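> Given the structure of chain A, go ahead and fit chain B onto it with the hints provided.
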Amino acid sequence: MTSIKQFVSVHQNGLKKFLKFLPICIFGFIELFLKNRFFFIFIVLFFVVALFLEHRRYFFLIITTTLIFITLNTLAFDNLVSFKNVDLPFYQHPKQALINLFSPNSGEEVYPSQVQTMVSLLHSYNIETYNLSDHFMDDVETQQRIVGAAWPIKLEKTSPYLFIGNDEIQNFQGCAIIEQKEYVTLVNCR
Amino acid sequence: MLTAVNAIKLILLISLGLFYFIGLGWLVIGPLLHGNLFTRIKEFQRSQEISLMMISGLIINYGITIILHSLISSLILGGILAIIGFSCYLGMSYKSLRKTSLSLYSFYKWLGIILVASLFLGPIITIPLSDWDALSIWFLHAKMIYTAGSFSLLTGWQHPSVLFSHVDYPNLIPTLAAQITYLMGYWNEYLPKLSLFFLLLPAIILIFSFFKRSFGFLFLIILIPFSFASRLWDGYMDGYLSLFFAISMLLLGKYHKESKPIDLISSLFCLLPLLYLKNEGVLAVISGFFAILFTLLLKRTSFSFRRFFKNHWKLFLFIFILVIPFLIWTYYKHQWGITSDLELGTNQSFIRFMNRIQNGSYKLVLDNTNFELKNGLILLGILLSASIAVKQWLPKELIPAIIAAGIYSLGIIVVYMVTPYDLNWHLHQSVYRTLLTVNTSIYVACFYLVSFLEENEESFKDKFKAKAY
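Protein chains in written order, with the working numbering: chain A, 444 to 633; chain B, 3 to 471.
Just so you know, the hints here were simulated from the structure itself, not pulled from any lab data. Remember, predicted model here, so these are calculated numbers, not experimental data. No false leads were mixed into what you were given.
Each computed DSS-like pair below joins lysine-lysine, with the alpha-carbon atoms no more than 30 angstroms apart:
no., chain 1, residue 1, chain 2, residue 2
1, A, K460, B, K376
2, B, K467, B, K256
3, B, K301, A, K460
4, A, K459, B, K259
On the chain A side, residues computed to face chain B include the following (Cβ under 7 angstroms):
no., residue
5, I467
6, N522
7, A540
8, N543
9, P547
10, W594
11, L598
Yeah, the Cβ is synthetic: ideal placement off N, Cα and C, and Gly gets one too.
This is chain A alone, in the form it adopts within the complex (with noise of 0.2 angstroms):
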């Protein structure tokens, strides 16, 4: 026990970075278990150079590392980048800005093409609900988007309103076509 002790009092200083160095070698073996090879030398390389420092100022040094680890690893400075591109044009010139917040139905070119032509054919013949083809159906965008654009029109599938694709049409040959559009057919199927 008085060796321990002994031990201790000779090696406190020895003991103490042991027992600091622990927790970085334990972490640093996560790194390296989970394969990130060059960041478990570079957290183990930047706490040798740290305990070197330990004694001196080395503040700006953290600043410097974080700085460039944010710029190279996160999307703090790519966010930034957006927020010029569009809050400057916002501010400076906010007319069509302003205009697309306070007018009804702006902003439906976001819908695929197809969709916007879909949603106007309803808005036009003032259907209730509609269909769409397999072929519409299968495409997840297009049928998510149109439920979405036409709603509260609702997507139905016992309405005799179907959309299909243009090349569909023989398949179609009871209905009657209503009108025909560029990527879209409206037919009434009753």
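Below, chain B without anything else, positioned relative to chain A:
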């Protein structure tokens, strides 16, 4: 001329919204913090108080709508309550503001808040809804509520064509977006996004409660919210979930350090909106709850739950009030037969879990988790090594964030292990968003380490100066 009219409309809409939420929120925050609606008893940071009022206001507004169903009735009742609340707050502020003056610190802080809020306002209102979940889930629900004019069965939750849109998700933002468009009388792909701004504002104000002229604060604001800013304007809820969760952990750390009850209250109140943002919010609240529990146990040597509940019954009462809308929505879901597609807690989910353990699919989940958390963990590693080199001990403020991040990531891993979808597809679709919450918590821990190192540097400077003299 048209631009001026539209600009005035926008300013009025934002101001009206702020008055509305502050007014509603004061009805909860006034009695909670001051014991009444008319007199300021205790001094708290006004910015923190206002953000708590806005958070409460948002939840009360949602609660009124979910109870009354009709948008028009909810706006009328909410409006009346907001007028009462705001008048009381105004009266109280008038009395207390005469006694105090605005400091330069507060001036800079509010300038910062306005600047950051204005930065976010641009992308929120000028970029139309275009991302997948925004169109397929959140703002589709908003449009459904808006067109029905009510939050009820009439909204169309059971319609087969909308089942893809996860109708079981909570609807705080969709309801607010529907109310805004209902108030204006039309729908478009820009205006509903204004609802995001009202949710963002209290978060920004709370982040600025950490404001000081230091690298630590710059570090904080770069990582939260700027490192995931695009997630706050694209119409997804993941960004907001991460933001409020991170702020809650930030405030919890602050409570651990400074022992001010307002920080604990704020931390709790930041967890509440999570219940109303996404289903993952429940997991986030559980993680946050454990972090809070651990912090309380860490702070007190002789902790008694009985004494704690006796002293804080008012806080628990108001928290319960603010949880009621969540309970009502859970009840409605049960009544209307709305279920989650994840089938959590079923026998099938347990079987899937065991299968994925056996067939090694868990490695895929762990690999994806590692990939998403790598950056945060490395930054944490660098700062930990720097801190350990300087001192023997680490700041305890970072513990709540680490605990919460750990529990949350474990929960998310379990969710992926039981998913009924193709695991690869599910991970690819969502892991970068679901683990954002964990990343932001790690950033919070990093912030406390940076602050610790900065304080160490300051004390070193002071010692150096003392020696020079």
